[in-house]
Amino acid sequence: MTIRSNIEKTLDNAEKLNGSLNSFLKIDRDYALRRAEELDNSGAKPGALHGFAVAVKDNICTSFSQTSCGSKILGDYRPQYDATAVSRLIDDGAVIIGKTNMDEFAMGSSNENSAFGNVKNPWDLDRVPGGSSGGSAVAVASGVVRASLGSETGGSVRQPASFCGIAGLKPTYGRISRYGLVAFASSLDQIGIFGQTSRDIASLLGVIAGRDKNDSTTADVAVSDYVSELDNDISGIKIGVPRALFGEGLDDEVRNSVENAIENYRKLGAEIVDVELPNSKYSIAVYYILATAEASSNLARFDGVRYGFRAEDAHELREMYMKTREEGFGAEVKRRIMLGTYVLSSGYYDAYYSKAQKVRTLLKNDFLSAFEKCDAIITPTSPSTAFKIGEKSDDPLSMYLSDIYTASANLAGIPGISIPCGLSSEGLPIGVQLLGPAWSESKLLCLANRFESEFPLSKKPEYFV
Amino acid sequence: MKEGWEAVIGMEIHAQLKTETKIFCGCAANFGDEPNANTCPVCLGLPGALPVLNEKVVELGAKAALSLGLNINETSIFSRKNYFYPDLPKGYQISQFDKPFSSNGTLEVLTAERDESGHAKDWKPIKIHIERMHLEEDAGKNVHEGLPDVDKYSYIDLNRAGTPLGEIVTGPDFRTSWQAYDYVNHVRRVLQWVGASDADMEKGNLRCEANVSVRKVGEEKFRNKVELKNLNSVRFMQKAIEYEIERQIEAHESGEGVNQETRLWDEKNNKTKVMRSKEDAHDYRYFPEPDLQPLKVSTEFIEKIKSEIPELPDAMLARFQRDYDLTFADASQLVGDISLAAFYEATAAASKNARASANWILSELQREWNAAGNSAADSPVSAENLAELIRFLDEEKINGKQAKEVLIEMFASGKSAADVVKEQGLEQISDSGAIEKIVEDVMAANEGQVAAYRGGNEKLLGFFVGQVMKASKGQANPKMVNEVLLEKLK
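Protein sequence lines correspond, in order, to chains R and X.
This note's numbering applies: residue 1 is where the first sequence begins, and numbers increase by one.
This note's numbering applies: residue 1001 is where the second sequence begins, and numbers increase by one.
Read the hints as simulated data drawn from the structure, not as lab findings.
What you are looking at is a predicted structure, and each value in this text was computed from that prediction instead of being measured.
Glycine is no exception: its CB is placed at the ideal position from the N, C-alpha and C atoms.
It is possible that part of the hints are untrue.
[As the list claims (entries may be wrong)] Per the computed footprint, the stretches of chain X lying under chain R, defined by three or more beta-carbons under 8 Å from a beta-carbon of chain R, are: (1) 1080 to 1091; (2) 1104 to 1114; (3) 1288 to 1300.
From just these sequences and the hints, can you work out the full model?
Here it is as structure tokens:
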């Protein structure tokens, strides 16, 4: 078997399923085949990912393909450079086969905010795949690729992983370079990884993690050998349960499934302890202040001056700015830009942004004290299973609550992983989330790997290659 | 200024720090290259690009701050200043806001009012509070002329986008336009002196803005202030402030009042005009830049930078007056530039004549520099060579008139004083054998006078001296000639 024939098969699968699932915005057939041939011909094996097919979310810059961010304002924008994560994958021998659909600028929890159409959940085409990295989640869940890159700001990898029945990791802030990840909220953004299993995630993470001189917020912390540490013993590991978060708003089936997962961890040798995260009830409020504030500034560069979409019928500068942004951005992006502009405005800064930063510190401290009592914290990933397309799209507040279990990890900068822990009565996957202290990815992957091996889902989605 | 009123002026100076590369990327920080030649994803503000702080900016910023009497803060924070403009590619400028790089400095500035003809009278020091110097990136430039279809299009050159700036902000501490003028010149010279900035206003690597208000003498509160922009030289700045002071006094006295606004100096019509009113002021929505870590500066680093800062011009001015016995005027000219001051000190040390060194540099050599477009930094006559010339003069090897001619030749040829003196045959003959030979020749040619002298007409000695000097073309050492003649004529 050549790499070319494997990649060709992958591309065929991607093209075949994309009509139903819409998970790819661009399938880079020519590029991927050329790359596969190069690898076949070179003889040398650059790394462990030699010939490994990867799909990449369309907000991560690729010089060989488009980077639209799911937005009309960028459209088929072609970056001048590759994101650090992308170039590290390529250098290791991975083959990027295409760019995946997403909520516009990663703002959303359902993928309904893409300017290029919904992504469909392969378990049920009437349902959302979650968001914002829905396309990357579906590319893995439908079996097209074993792993893909997504991005997280408040749960955009873990929540779609949960809705699609796969594994999804949000690493520690500073673990993976953000250079080339189009910014939504810089202090929260982090590239994340989807895998059919946590082993797939481990093999990608080891390649792309680590200090990058182009991103001042990457940390000089040693990168573990995540793959070889996957099979470490988990007995005696302490898993904390924040019971207070298992109450109101949580779907009963999800609660039962997560309780069952906790019991299963106990059976695997983990010690279960109670922990408290008293400030996590503020996480959504804090998140939507800080994330929108940063977004209002990060998205200012999309002004029609240098690249992307520009409104044509403007007669002077101010009008050009206004029309370009009015026509180029979708409703949710505009809503968040306005929210963020408001909270940073003179006279409101102290009441919102400044106060939210203080609560963010409290939230970080909550986790620090909780991790004195345990090695990892377990919660549901999302309060529900995948909801129906259109069900929440007119109710942004209820949509925002989808992030209730995930956003606090982004605010605290800690890693989290979501893995499937069961199926609902409707046959939809349910996700459980494990959170750990900063730089504990290896331990989280190990815990996830053990669970997946012992308790795999009983079936595959309806749409699977 | 009208009796009973006083002006209140605060200054903001933007100085481009003299780094090879930009503040947040590796692009060259050059002036005058092809438009957009020095750009990359970072300074173009492309999606996904991130800033990385250039450490050289911290070093030069520290030099600038310390030499302006500022305290460097152990931790400072970069913030985003948000506004839309085509020359600002990210839609925000990375600057510093509530935690600047340096703050709370006191600076002593020599200042003098000027008479009608612009001559300074009575220099005296004033103390200025410098509130802060923070670090930030510059914006690019919009170009509206000299390109095709400028009636339809504007062009953007982002070469300047991301060049490093130090913004230096004073308290409202100046009371006259000349104080502000002397302050800006002081800052310019200090920044050039320590190598932190070229501080050349014509090239735009030093720009200033003035905040001007007036009040009745004795009033404590400030009245509405006006921010003055488009001050393209120190002289324009002084004129603009002067104009604005008079305009505001008149506006207050007529009851019309002064609006808080930004005004531009119109150098064609010699007046200020409104650019924007307070109502149009931006809300910059500053917040900490999440893409950069807080900037931490260690005590060791500050000590290291301190040790690298040379003696500053004002200290040198005092020392030159004291140690070299120079006038204020001469000393201030010599400290006008660090290479000139160094040139002077080297000349004074080698010639052992500090006053003469100052005179020669400020008159004869300066004239040659001016004519040839040179300066102390690239002088064809080195300090050592000039010192040698001064020594020849002091040793009376040559006279003053000859020395000036020698200097011109030294300047033109780059030769040493000794070589020029020798080549032009200006050197005195002090070799006793050579002098004896000339004396003997003169005696042989004037046997009658020799006999007369020996017969008792000793007045003829002057005749013989004259003849010997003539025969030696004036080069013979007159003292030796006398001695040899007296001996031979015995």
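Hint-by-hint comparison with the structure:
1. For the region 1080 to 1091 of chain X, the stated coverage by chain R holds: 7 residues have a C-beta nearer than 8 Å to a C-beta of that chain, and at least 3 were required.
2. Counting residues of the region 1104 to 1114 of chain X whose beta carbon lies closer than 8 Å to any beta carbon of chain R gives 0, which falls below the threshold of three, so the coverage claim is violated.
3. Coverage of the region 1288 to 1300 of chain X by chain R holds in this model, with 4 residues showing a Cβ closer than 8 Å to a Cβ of that chain against a need of three.
Figure legend: structure checked against the earlier numbered hints; the only hint not met is number 2.
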